[in-house]
Amino acid sequence: MRWLFNLSFRHKIPLWTSFLIGVSIFVVGAALMTRAYDDMKHAVVISADNLAHTLANTVAPTLLHDDVWRAFEIVRSPIRTESARTPVQVDAVVVLARDNRVFVSSHPEALPMLSEAATLGADWLLLSAQLNAPAGTRWPLVLEPDDSSYLYLALPITDKDAQLGHLVLRYAKSVFHPWFVDTIWQGLGIGLLVLAVLIPINWYWGSRMATPLVDLAQRMGLMLRTVPDPLPPDLYPYDDELGQLFQAYDRMVLALRDKAALENEMVKSERLAAIGQLTAGIAHEINNPLAGLITVVDTLKLRGDLDPRVVRNLELIDRGLMQIRDTVAALLVQTRVQARHLNQHDLDDIHTLIQPQVGKRRIRLGWSAAMPAELPAPASLVRQILINLLLNAVQAAAEGGHVSLWLGRKEGSESCLSIVVRNDGAHLSEDQLVHLFEPFASTRAGGHGLGLWVTYQIVTQLEGRIAARNDDGEVEFTVNLPLGETSCNTASA
Amino acid sequence: MSKDFVNPLPNRNRRRWLIDSSCLAAAGLIGLTRKSQAAASKIRIGMTPAFLHDQHSLLGEWRAFMAASLRRPVEFVQRDSYRETMDLLRLEKLEFAWICDYPFLHLKDSVRLLAVPLYQGRPHYRSYLIVRKDDTRTRSMTDLAGSVFAYADPYSNTGYLSPRYEIRQAGRDPANFFGKTFFTWSHRKVVEAVASGLAQGGAVDSYIWDTLAHVEPALSARTRVVWRSPEYGFPPFVAHRSVTNADFHQMQRHLLDTSRSDAGRRLLGLLYLDGFTTGTPALYDGVARMMRAFGET
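Chains D and L, in that order, give the protein sequences. Take the first sequence: its letters are residues 1 to 493, numbered as in my numbering. Take the second sequence: its letters are residues 1 to 297, numbered as in my numbering.
So that you can see chain L by itself, here it is in the shape it has in the complex:
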């Protein structure tokens, strides 16, 4: 072996150097991340199809109201499916999100319950089974066996989990109960699918359907509610666990105080909500029970 080929660093030293440098790099990375978050201090809020999120002017107004109240820039991040918002939360690309109760349970290890909207004075909503207005034959879910059925989103409680649970309760297998099922990726589009006749039945969020009855009565009037599910906890606002307590409480306080100002009440009126409450995870025990029935934890 030639002298020229002798390693100048002993193996031990080399390992040490590697560890040191990687620790340094990691520390620098963490420091940079924290620094950038603090410097931007922008709050990113994920908006899911849990509400009529195509009311763009309403969203703009809400964002401005929130930014003024928090004295920080606020960004609403809209995605077309629950799954995408859930992924953004997991990747810490969002600080807060308004998500469905079902994803909340999926993500319960990485998010904290921030606030629950009050709908008709209570933090509850239901799943509606809807059919076309001119379908006078259907009286319950079982009448729709073999038909084409529209689900909202695979991570929606009222638009997927609840109707499947109902089928299961009737002793049928939701996997082959319908002739064909498809997802519309939004509650509102479930109503459109049923109204247009594409699907014979659909499962929809009661809050969305009731709001549509105000906002777009022509559309909701073409459908008829056949069955109402038991009450579930209303889709909550959640905070990622990485969000600091200060930010968490500031945001929570802001939400709870929304109904105290005129501008806030006006916004709530447009959202057809009454306010926010802190809520408890126990609100969502019903969903957890259904999940367990399907073997999900």
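With the rest of the complex left out, here is chain D:
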């Protein structure tokens, strides 16, 4: 039985409601049937009573004159042929004389004249006993013997005060049954019709309610592993409790998504910070012996008595050390507060500087720098950020593709400088997005993978934010930098 309660609402609601509709129809139907049966019996008794009074009055003179044939014609008159049988159709009429013998009957073969009523069968034995009951019997006498397929109604036949005998009407209950069965079939037909109308409505309504619930349950089930999608907005556009539940769910999903995004961002920042620390630590550890080595090599080079072969080796060592120093310097991004603020000339310089690369790859460059004469941002660092991002974009864009720059105060925040660089190159994969700002995480062959790392370090040290995303067929890098003391205070999209 438990499995029934474990069924999905998708099935349970329609099943239960269908079951209830069925039970209601059955109970109402059964009540009506019972009533119909009683009514029918009542109608039979009323009709029988009327007929019995008429017949008793008509047949009385024939008893007085012992006119059997006239009596026979009278008792035959209400008998119909088989084809016209109805429950109120009398089955047999019997006139019993005072001595309880059959004076005449409508069916002389089965109920012959002169026979003793009590010898005609169990029903008649019971009936004749009741007919002879002491005075005070309520007429008409209605008798429905157990285990009998007949119903009897008896009335005394009187002429003035003299009782001449009894008139007995017999009704076949077997005729009731087809009528009753007809009524049942009719009731059943109407019931089925109602069911045929109600059940589809009920299934539709049930599934309308159950489908969102089932959807909700499935999504809730996924919640521990991942943040599920919000429900489709047109799934259940009503404001009842179910609708409120779905709205609450949607709000919860959105909150969870924000939380997850925030957590992601934090994890990423922490990892980058850890990498930064590690890198800086290693760089420092390398820098100290490196400075010593460079000094030693410089000193050795100053000596003139060296074997030319040694000089060549020294120069080889010197170039290697320089490469190490450059790499380490790049890893060890150090921002120093500079007095000079960013101005229009810096932007012009950058435009000029990237032209060779743009021209070589036939890139269409979009340039939108809404910029006052001067902005309180460190000019050299912003220049480095811009050059890194723009050159990256030019490299990432397709041959003959498109790169755009937008620079200006961030919308809605006067104290924030916003830089947006877009290119129409290949989208960044999820994996690339996760490790984008880590050192040596180059997205293309030939890059040393330090450009974005340096940019990230600069932006972070300036207390700004940098973010990358795929947007409408393009890859977009957004940098927000605080102008002055206040921070930008907005999460990157």
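The hints are simulated quantities; they were obtained by calculation from the structure and are not laboratory data. Don't take each hint at face value.
No farther apart than 20 Å at their CA atoms in a straight line, the calculated lysine to any residue pairs in the SDA-like style are these [what the hints assert, rightly or not]: (1) D:410 / D:326; (2) L:42 / L:68; (3) L:180 / D:115; (4) L:180 / D:97; (5) L:180 / D:119; (6) D:12 / D:148; (7) D:41 / D:184; (8) D:41 / D:146; (9) L:133 / L:72; (10) L:133 / D:107; (11) D:41 / D:148; (12) D:268 / D:89; (13) L:180 / D:110; (14) L:180 / D:64; (15) D:410 / D:460; (16) D:173 / D:145; (17) D:160 / D:138; (18) D:41 / D:119; (19) L:180 / D:99; (20) D:41 / D:99; (21) L:180 / D:107; (22) D:12 / D:312; (23) D:259 / D:304; (24) D:173 / D:61; (25) D:173 / D:64; (26) L:180 / D:146; (27) D:41 / D:186; (28) L:133 / D:110; (29) D:268 / D:435; (30) L:180 / D:116; (31) D:268 / D:148; (32) L:180 / D:86; (33) D:173 / D:259; (34) L:180 / D:67; (35) L:133 / L:217; (36) D:173 / D:147; (37) L:180 / D:61; (38) L:93 / L:167; (39) L:108 / L:279.
Given the coordinates of chain D, work out where chain L should sit on it, guided by the hints.
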């Protein structure tokens, strides 16, 4: 005694006046009656259950045929029992009647034999003793002792007198031979009573039973003829003795001529009769003999 109280008429005179006035009244009454009969000149014919008199369309056709032939209005008066028709005849409310042979003998002082129908070419018929078709046990009247028996009419020969005579011939008393008897007041209903099982046996006119076998074979087929009586004179057409000779002969001629016209033959065909003959009262001697056996004159 005061003068004022002296009777103005002497007793003798008064008696005379009474006689005169009553004679006048009687004469006027007779004159009026005759006059009204002559003026109406309508012939009233009593029809008894001697034949299947519930064939109303046949009766209508017959009446029209008769009226056209006699050139007089004709009225058929139907009654449900022989007795009523006999009473109407006695009261001179009928000029003619088709009655059973037994009533004819009862009324022989007030009626004249007009014509006798020919059935199967002869002016004779019989009484049939019938039982239900499924009663294969009964072979004669004596087998029905103690049973319920249906008679047609107390003034029917074949439906009452003849079967009782048969019982009497068997040495039994017809008054208590059967368990119960009743009258159906028509031969046809005797067949119905036996067919339905109300009565175990019944006495019926052979002409009626044979006609039913043609007209309503389903009914007669539910019965079986057990015994056939000797032949009796066929139920005759009679005229009241008050009917004038002219009317008597006109009617007799009409009946005898029925089989001479196509329309008449057609009617006779519907009645399952062949024609009419004048007949003689001697035809009914057999009935008279049975009546005498029962002490009736």
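Verification of the supplied hints:
| no. | hint | in the structure |
| --- | --- | --- |
| 1 | D:410 / D:326 | 34 Å, violated |
| 2 | L:42 / L:68 | 13 Å, holds |
| 3 | L:180 / D:115 | 12 Å, holds |
| 4 | L:180 / D:97 | 14 Å, holds |
| 5 | L:180 / D:119 | 19 Å, holds |
| 6 | D:12 / D:148 | 47 Å, violated |
| 7 | D:41 / D:184 | 16 Å, holds |
| 8 | D:41 / D:146 | 15 Å, holds |
| 9 | L:133 / L:72 | 47 Å, violated |
| 10 | L:133 / D:107 | 17 Å, holds |
| 11 | D:41 / D:148 | 15 Å, holds |
| 12 | D:268 / D:89 | 96 Å, violated |
| 13 | L:180 / D:110 | 18 Å, holds |
| 14 | L:180 / D:64 | 16 Å, holds |
| 15 | D:410 / D:460 | 17 Å, holds |
| 16 | D:173 / D:145 | 11 Å, holds |
| 17 | D:160 / D:138 | 19 Å, holds |
| 18 | D:41 / D:119 | 27 Å, violated |
| 19 | L:180 / D:99 | 15 Å, holds |
| 20 | D:41 / D:99 | 30 Å, violated |
| 21 | L:180 / D:107 | 17 Å, holds |
| 22 | D:12 / D:312 | 89 Å, violated |
| 23 | D:259 / D:304 | 67 Å, violated |
| 24 | D:173 / D:61 | 31 Å, violated |
| 25 | D:173 / D:64 | 33 Å, violated |
| 26 | L:180 / D:146 | 35 Å, violated |
| 27 | D:41 / D:186 | 19 Å, holds |
| 28 | L:133 / D:110 | 16 Å, holds |
| 29 | D:268 / D:435 | 8 Å, holds |
| 30 | L:180 / D:116 | 14 Å, holds |
| 31 | D:268 / D:148 | 94 Å, violated |
| 32 | L:180 / D:86 | 35 Å, violated |
| 33 | D:173 / D:259 | 80 Å, violated |
| 34 | L:180 / D:67 | 11 Å, holds |
| 35 | L:133 / L:217 | 13 Å, holds |
| 36 | D:173 / D:147 | 11 Å, holds |
| 37 | L:180 / D:61 | 18 Å, holds |
| 38 | L:93 / L:167 | 36 Å, violated |
| 39 | L:108 / L:279 | 14 Å, holds |
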